[in-house]
Amino acid sequence: MVEIVKLGFAPLVDCAIPVVAAEKGFAAAEGIDLVVERAPSWAALRDRLAFGRVDGAHILAPLALAIHQGIAGVPATALRVPVSLGLGNNAVTVSLDLYERMVLVAPEVMAGPPALRARALRPIIDADRAAGKPLLSFVTVFHFSCHHYELLKWLADGGVDGRSEVNIGVIAPPRMVESLAAGWIDGYCAGEPWNQRAVQRGIGKVVVTKADIRPDGLEKVLGLRADWAEEHPAQVAALIRAVVKAADWSCDPANRAELARLLAEAQYVGLAADLIELTLQGAIPAPDRNRPDRADALRLLSEMAAAGQLDLSDADRIRLANAVWRPDLYQEAMG
Amino acid sequence: MANPEPNILIIDGNPDRAAVVERGLVESGWVRVSTIGPSVNLLARIQALAPDVIIIDLENPDRDTLEQMFQVSRVVQRPIAMFVDQSDSQMIHAAIEAGVSAYVVDGLRQDRIKPIVETAITRFNAFDRLRRERDEAQSKLQDRKQVEKAKGLLMKHRGLPEEDAYNLMRRTAMKQNRKLSDIAQSVITAFEMEI
Chain B
1 MVEIVKLGFA PLVDCAIPVV AAEKGFAAAE GIDLVVERAP SWAALRDRLA
51 FGRVDGAHIL APLALAIHQG IAGVPATALR VPVSLGLGNN AVTVSLDLYE
101 RMVLVAPEVM AGPPALRARA LRPIIDADRA AGKPLLSFVT VFHFSCHHYE
151 LLKWLADGGV DGRSEVNIGV IAPPRMVESL AAGWIDGYCA GEPWNQRAVQ
201 RGIGKVVVTK ADIRPDGLEK VLGLRADWAE EHPAQVAALI RAVVKAADWS
251 CDPANRAELA RLLAEAQYVG LAADLIELTL QGAIPAPDRN RPDRADALRL
301 LSEMAAAGQL DLSDADRIRL ANAVWRPDLY QEAMG
Chain L
1 MANPEPNILI IDGNPDRAAV VERGLVESGW VRVSTIGPSV NLLARIQALA
51 PDVIIIDLEN PDRDTLEQMF QVSRVVQRPI AMFVDQSDSQ MIHAAIEAGV
101 SAYVVDGLRQ DRIKPIVETA ITRFNAFDRL RRERDEAQSK LQDRKQVEKA
151 KGLLMKHRGL PEEDAYNLMR RTAMKQNRKL SDIAQSVITA FEMEI
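Those sequence lines, one after another, are chains B and L. The first sequence runs 1 to 335 under the UniProt record's numbering. The second sequence runs 1 to 195 under the UniProt record's numbering.
Rather than coming from a laboratory, the hints here were simulated on the basis of the structure. Fair warning: this is a prediction, and the values are worked out from it, not measured in the lab. Certain hints may be false.
Unchecked claim - Some chain B residues well away from chain L (every beta-carbon gap over 12 Å; in silico):
1. A10
2. G73
3. N167
4. A182
5. E258
6. D274
7. R294
8. L298
As the list claims (entries may be wrong) - A few chain L residues that face chain B, going by a derived Cβ cut-off under 10 Å, partial list only:
9. V20
10. E27
11. V31
12. T35
13. P38
14. N41
15. L42
16. N60
17. D62
18. R63
19. T65
20. Q68
21. H93
Beta carbons are placed, not taken as given, at the ideal position from N, Cα and C, and that holds for glycine.
This is chain L alone, in the form it adopts within the complex:
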């Protein structure tokens, strides 16, 4: 290769995930990393960037464009393999599980590609975990807000002390085998209907 540093391109419709993957690659020592989102002139943009490795999310409809480019077109002269090494089925399954695929220009050494794809897989998984945790945290916060609101309504309209209002909802939840936040929602709905 003329340049010792592989030129890595990340194509992802999700800019947050692209940023997470890019940071992971840069922090691991690859410096030539760029990202692009959905684009109508994908071919021209890829040609201009001339990447050695393309990391793209598995669900991206632009994958069909890459397939063709790398398999048969005159646009990219060098043939390209999908994933790293088709015999490395463990890595392929890890990549599919993580939702990522990689296209690699032929000629780039296997041992140089593998850590790049591994980093991408790790980052895709980390992004997924972060998103799940964030969703859970948001839903917990939402639940807590509901309980607080229901407690306030019981205190105001039924004249209950704070602790009794809370205990009433908690006992009801246990008795009905429902979540505390569900009971809180029922309380809120009931008061809203009275108003």
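Next up, chain B with everything else stripped away, as it sits in the complex:
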């Protein structure tokens, strides 16, 4: 009997892997009927996972840890991460106004390495504070996200405390560009195409990309409900194999145009195929990156702690990373 496996995803280009596994027959070849279901927000995806509407999801890596630990706003739900899925291609975009101020106050910093450009914010923040102006406002895609930690790290490397010296909020990426244009925010950290959109419209400048902040940092994983995974070991193994084959297919430049057309469909990403094709480069990890690495989980946990989201001893962090990150499941499936 063919088993139905339901996976949730958010409409971003790196949802390619589960979508390709379902659409290109990789799941069927492994004997599973993979159903992928689009969620309009990370909160909605988290709810579906925690309340058992889906068996697993293509999910932000830190969100998987947060759900397991019970700090994500829903009751603690044990998860298993048997595959790493995406590295992200995030960048920080600031408004033209803020960009011009940065260049004006610190031209030498802005001419230097992007990783240190937040130093140009220092005099701006000090001047604003002295003038009694409100804090600069940045947004990211979700608070349990690498985008959030990458923004914090970039600010910290420039000597700015992201937790007290600026506001960091959350806005759904499709609304970021208009929020920047309207002056509601001064900048954001998001994946593509949301940075290129602001640049193309002439309302923002990219000041730093993920490659400068944290190259090779894991961003998305396959998160499965532990109760489902334990009851369906054969399906879990089949799903891992299907997903890894789909990742392999998705990485192949020869398939890029077809992949862009597939993702452009309304039930997946729902944006123009040519825009998606441009942003696919670098968004999908090479297959050698699919095996979950507990070092990624530990690094994420220390970033969550630094962001004030988690308070765990080193021993508990290791326990948590070992419980959720499961290279053993990957190994068993791939042989």
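Given the coordinates of chain B, assemble chain L onto it according to the supplied hints.
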């Protein structure tokens, strides 16, 4: 609480549904109810309204903004719980089924929140039912119009009396095991092609 009446905010991209939920709450005795649609300055608008309870549709992308606001930001000082009480799983499932979620400022008493969320769930379900019924009624009306048009064509071009024209279509539908409206559509298409 300084004010005994909880301040309720409905955020919904569908203004018709927002109106149905708002009316339900007001009719049940909550008077401080406001609604907002999709908005780029959501944070500022929420701050200005300072709600105690936010009702938002589950599919709304702005939920991520609320999550962050209520979990970690300095904007709203009081922590907020999602849904009413996480141990009340029956209500959570009813809410998910209905497509609604609620964010509640900590400090508002559980027994005061529950009926608000229950009313929202009832209204979301009622809106869904109304929409389904309206769609069905519209499609029935459309079917009837098709049958009338096909009957008129048969009467005019084949010289059949009204009853015979109708019976001809009905018999054909039964014989082919198809809906009367499908047969009517075929008749209309056939005549249109002849013209």
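Checked hints:
no. : hint : result
1   : A10  : violated, 10 Å
2   : G73  : violated, 5 Å
3   : N167 : violated, 7 Å
4   : A182 : violated, 5 Å
5   : E258 : holds, 28 Å
6   : D274 : holds, 24 Å
7   : R294 : holds, 26 Å
8   : L298 : holds, 22 Å
9   : V20  : violated, 21 Å
10  : E27  : violated, 29 Å
11  : V31  : violated, 29 Å
12  : T35  : violated, 19 Å
13  : P38  : holds, 8 Å
14  : N41  : holds, 5 Å
15  : L42  : holds, 8 Å
16  : N60  : holds, 7 Å
17  : D62  : holds, 6 Å
18  : R63  : holds, 4 Å
19  : T65  : holds, 5 Å
20  : Q68  : holds, 4 Å
21  : H93  : holds, 7 Å
Violated hints, listed in ascending order, are 1, 2, 3, 4, 9, 10, 11 and 12; each of the other numbered hints is respected by the structure.
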